[in-house]
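K.L.:
Spelled out, the chains give:
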Amino acid sequence: MPDKRLSSHAYISLSECDQAIAFTFNSKVIKARSDDTIASALHAAGIGILSRSFKYHRPRGLYDGYGLGADLLLAVDGTPNVRGDKTRVEDGMDVRSQNAWPSPDFDAMAVNNTLVPLLPNGFYYKMFHRPKWLWPIAEKFIRKAAGIGAIDTTGETVDTRYEKRYRFPDICVIGGGPAGLASCLAACQEGKHVLLVEEDPQLGGHSVHTATKVANCQDDRLNGLSEQDAAGAIWDELKTYKNLEILTSTVVFALYEDNLIAAQSKHDLYKIRAGAVILAPGATDRHLVFENNDIPGIMTGRGVERLITMHGVKPGTRAVVIGNHDGVYHTAMLLQGAGVEVLVVADSRSDAATTEAARIVNENGTPIQPLSTIHAAKGRKSVNGAVIGDIAGKVEHASYRCDLIVIAAGFKPQLSLLSMGRVQPGWDEERQVFRVEKLPDGLYSTGDVHGTASFAQLYKEGKAVGLAAAQGAEQPQSVRSKEDIIVALPADIPAKGKHHFICKCMDVTRAEACASIAEGFDRVETLKRYTSMGMGPCQGKMCYEAVARLAAEDTGLSTSVAVPTTVRPPYIPVSFGVLAGRSQHLIPIRRTAMHDMHQQAGATFLNAGQWKRPHSYGDVQREARSMREGLGIIDVSTLGKLGISGPDAIDFLQFMLPGKFRKLATGKIRYSAMIGEDGILFEDGTLAHVKEGYYYMSTTTGNQDAIRSLFWWWIVTTDFDVKIDNLGPIFAAVNISGKNSRKLLEKLVDIDMSTEGFPYMSTRNATINGVPVMLFRIGFTGELSYEIHFPSEYGEAMWTHIMAEGAEYSIKPFGIETQRILRLEKGHLLPGIDTDALTNPYEAGVGFTIKDNKDDFIGKAFLKNFKDRGIENKLIPYKLSAGDAIPSDGVAILKAGKITGRVTSSRMSPILGYGIGLAWVNVDQSTPGTKIAIRLAGGGDVIGEVLDHAAYDPEGVLLKS
Amino acid sequence: MAKQMWRTYDLKKTYDIVIIGGGAHGLATAYYLAKMGVKNVAVLEARYPGYGGSGRNTAILRSNYRTEEGIKFYDQSLGLYENLSTELNYNLMFSQQGHFTLGHTESSTSGLVTRAENNKALGVNSFMLTPQEIKKKLPEINISSHARYPILGALYHPPGGIIRHDAVVWAYGRGADKGGVEIHNLTEVQDILVKNGKVEGVKTNRGTIYAKKVISVVAGWSSEVCRLAGVKLPFVTHPLQALVTESYKPWLHHVVVSSTLHIYLSQTDRGELVCGDGIDGYPHYGMRSTLGFMEAFSAHVLELFPILHNVKVQRQWAGLCDMTPDYSPIISPIDEIEGFYVNGGWGTYGFKASPASGFNTAKMLAEGKVPDMIKPFSYNRFGENRLVGEKAAASVSS
Amino acid sequence: MSFMLRCPNCGDRHVAEFSFRGEYLQRPQQEDEFASWADYVYMKENVQGKHFEWWYHGSGCQRWFLAERDTTDNTTQTTFWFDDRPRLINRESEPDA
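Chains as they are written, first to last, in the numbering used here: chain D, 1 to 961; chain E, 1 to 398; chain Z, 1 to 97.
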């Protein structure tokens, strides 16, 4: 292959870059410059076909050099779907083509394109569904062929470090072209903190690859400079402002409510909340639709400009240039200067060649053909000819043999981000573009996004908008002179042929769109959904204008109705890794003050909401037995703990809870259900009257935040004079259970621990090893047991002390799983495990906590309704026979083959030697002694017997001993 | 020249039945009405068919609900879906690839076991898998016990899958049109005319039309539409967000749902991963996307599938969900207004119900009495404190 | 979840710091019929437009406040404490919650 790298240019000095690097493309070594994109390096190496299209596997090559069309997706170092014309090459990069076999040059799948005519519109909706069995088979083949890049499904380790970064500028300017730079300057001069975000590695926007010079600029220093140098001069000035931060190679991919901007810079996600936002995203090459408009060798004006000026690559040898504005002659000059033979400039205007540049192009030997445009490109794998004719597509003027067709048909505003500002763009007939005139407050826009203009005009407008944003003023109206306006060519040159691709990403042709409209998909939205136009990798950035204009033409809708559809974020595809950031999981992990002690003791942990709690310390059955037979300890720090006091504390509790607590003496504890206004049982806990007028309530682990906020809401909305102390995080707690627990406590504290002195369901204050503690004699485990609450900071010290003192009674820690067995032996329910979002408290067996003959309280009306209705289902304890299999939690209860209930908790009881559990059953199965059939998950039944009492120590003798 | 999917008409003065809403449910209702011989029907759509939830959902179908009411209803729906491509002569691309609901906590896993048993008893194919069995079917999934919320098991549902949602809307629309129903686009209902406790018709931007029966089938917008008739609903409209990745070679051949992680994903025949999350935490009608959704989804999906770290999101969007207190719909006459009906409250699970919803709604309208299948979904159940038990199932139900 | 909400205590904060807790409703009197209670518990205005609603600043000062928010675009006219409602909520009768 001949090297297409330029050594010199007749009109411009080429950028210097001699750093030679090498990468591989499908295992072939390619030499490149460090400022190359993958696509420019491949083009320089004479590789024209970079990828194959989505549906028909048509060959695709470099088009706009900007990645807008996004059909040059490649696998780079194992990462699929990397944009070849957006990505800089790196030394040693492994680049591979996708969706082509064996290679993009000889793609076996191209039979889709060559042997079969183009698929009719809505093809898949009309095929393979009759007879019914056909589709599953057809689908297998379709899935085999589907998809673009391949995910590496073997790589499990992620060594990329993703980071999230935050910025809060007064003003965020998006886009570092002439207008963006000027607005930055104005905002900086006003002393604002400004953040400039630019997608490209360099600032200057399109000025870095134009051959034009600045004239008539209000800032006289810039006049006479090349646009690139002028941009450089502004940048130099900006560097002097300390209140400006510039992020280059950073893509703003979304704009959300209240000026939240999301941007990506390599592996970092920037979250920017700006006081004001100035959108200066510029404009991009217009996409022209004509016969074979997708084959390699067709490039946009800016595409060839970039190749020549930024990468020093000669785009082709013989070119046909299509245009409709004066800028096309600058492009043609750049081509000529690079040694490209420009065969003709087909200019759609009648008064085509009036500028200096046109004169030079013509003098260089290129004829200028007015009132002409392209009818068709010729060639299969690359362009080998072009047909020129009239604008109406009726009369052919000439055919040329060429390897390059340059489309310089004007520019379309880059509307993506403006559309995310939730203002629908409208067709500006005068300026011949879709644009958004005015954005909501706090959002400004400037530059080519209002129609292209001269550097001087963009500079002037940018400065004014920057000033307005800094002052919080209205956006000044944009102005475009007659000379600035480029009259749009027809969106589709309606010459013959069926390969007029509107959407290159999804391979949708004009004919397919027309047929779809005829079927009734005659709104831009439905047409898009039906044909998939604009739904591919570029998300319509290339084709939005053509889609809307053609829809207007073909549906008969007016241009005011047929507008581009709402652009959805992200503007460029963003990886899950970048979006996720460093955190593996957004839910925090909470650990108790004794966590490390559990870890040392060999605990395995389970998730209780956000908390990590010991599941067990090895053998659950042994833990359960050893507690029952001697002494056990469990960390219960994760309980919710509220201190309730104030003049109306008792009235408040009477209102919040279903029971009556006025007679709860100091030092006493009572169990309470918690009921919602809807009468549903959602929580339970204990209420202790710890000292006169001060109540201490403990609730379950998972609900503690919700209950705390709920209590506060009621305090806010009622007249109760109450104070709530959130003691959940303040106090750690352990429960000491087993028949030796009293003996241990007697060692630890110096208060009366006798049955009479400290009876069941009462509370005492004491000190342990100098630490003040609250003792609660309660018994979830059904054994003689004490809960000790104490300041969290003593967590480890307390645990160590108790373990040391308890050693003589062989104290053993036990985990949640063990506790679940113990409480099941006592038939205690656990909210959220044995209850659900619709649990009737009477049916759950906690009706005894409800005293409805009192004044207004939460849930009173619904509880009455439930009570009047009577019990229909019931939560009952049951036991199995020794030797029965233990059912899984959740299995069904059956009666005569019909499901009548479910097991909510089921465990083997080591102390009893048989299975026990809680289950919801129909009321007619709830009588104690009833046999219930429990369906095992693996099939088969076990028979349970309904109990009317706890399976273990039914009289509570041990508990109260 | 291909035939139009549906014709355009001038509005007539009167219809037997007016259906407000041209989504999957409204058009399915119209289709089944026509099939039952009721043809003087108008579907009034404010925008275009499928503008709302029908075109914004993640197109997951399943029937393995929790309650008998739910299972029977969705099983009927899935059964209708299975034959719908053939019946409507339109390939809806129903891909019955199997559906996983992952359990990461004891209580959620216990709930899944209950669902498995209830489904088995009612003849619906759904059963539990261990983490190792999950790994066999989904080799890329992370079943490590070191995950923030390790996978404890999964409810598997072989007949579940995904479908081409827009195609369902279009095919029902075409079927209804063929049957003689009029579909009116860009026809916005501005008022519902009620006199002496009877519905008389509706006022639209194209004029007033009269009908003895009017039904609101507008999902997320139900509260606003029913307010026109003076009917208050137990709905709260929340956004539900979704995203789609670029196209990749298909590797995921099952629907995967995790309610603990609040995510679900599947891969279409086009190679895109279609992904969703739980509803947004506050009511909103604007259908806005947020960054928070993409961040949370990404963090969570990478916990399940670490291989996806360089897979790119291509588009995000939002739809509306009319959440009910018991995660079950209302398909019901409104006793206070003769001839006025509501079909709504579809929350996050409406699309999969479209055929059964349409069929039973049509039956209710045609026969003037509520079919047994949808009796549990009455409007009056809230006033009677007789809620349906689906709320017990999961916060994310897809 | 992108918009900013003004906590009366903390000022403008990202909405992710807050949790929403329903429309602002009037709690019935205890002697009211069950129907009123069912209505209070289950029925919602669910307005497409401006309405009053409860917010809790859970990841902040942990205080409850009321907001008037437009559900179509999340613009929030006012946020205020419950005690300020007589001044800011223009209703015929005041709830006594």
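You may find that some hints are simply not true.
[As the list claims (entries may be wrong)] What follows is a list of derived Cβ distance ranges for each label pair:
#1 E:H146 x D:T927: 41 to 51 Å
#2 D:F848 x E:G230: 35 to 45 Å
#3 D:E945 x E:Q132: 33 to 43 Å
#4 Z:T78 x E:N83: 47 to 57 Å
#5 D:E341 x Z:T75: 32 to 42 Å
#6 D:E756 x E:Q132: 55 to 65 Å
#7 E:R47 x D:Y11: 45 to 55 Å
#8 E:A121 x D:A885: 14 to 24 Å
#9 Z:E23 x D:E429: 31 to 41 Å
#10 E:E68 x D:E805: 47 to 57 Å
#11 D:E945 x E:H146: 46 to 56 Å
In case anyone wonders, no lab produced these hints; they're calculated from the structure. For every residue, glycine included, the Cβ atom is placed at its ideal position computed from N, Cα and C.
K.L.:
Run every hint past the structure and note whether it holds.
P.N.:
Hint by hint, here is what the structure shows:
For E:H146 and D:T927, the hinted distance range of 41 to 51 Å is satisfied, since their beta carbons lie about 47 Å from each other. One distance hint, 35 to 45 Å for the beta-carbon pair D:F848 and E:G230, holds here, with the actual separation near 43 Å. Taking the beta carbon of each, D:E945 and E:Q132 are about 35 Å apart, inside 33 to 43 Å as hinted. For Z:T78 paired with E:N83, a C-beta distance near 55 Å keeps the hint of 47 to 57 Å intact.
For the pair D:E341 and Z:T75, the beta carbons lie near 60 Å from each other, so the given range of 32 to 42 Å is not met. Our hint of 55 to 65 Å for D:E756 and E:Q132 holds, since their Cβ atoms are close to 56 Å apart. For E:R47 paired with D:Y11, a C-beta distance near 53 Å keeps the hint of 45 to 55 Å intact. As the Cβ distance of E:A121 to D:A885 is approximately 19 Å, the hint placing it in 14 to 24 Å holds.
About 46 Å separates the C-beta atoms of Z:E23 and D:E429, a value inconsistent with the hinted range of 31 to 41 Å. E:E68 and D:E805 have their C-beta atoms about 55 Å apart, which keeps the hinted 47 to 57 Å range intact. The given range of 46 to 56 Å is broken by D:E945 and E:H146, whose C-beta atoms sit roughly 41 Å from each other.
The structure fails to meet hints 5, 9 and 11 from the earlier list, while all remaining hints are met.
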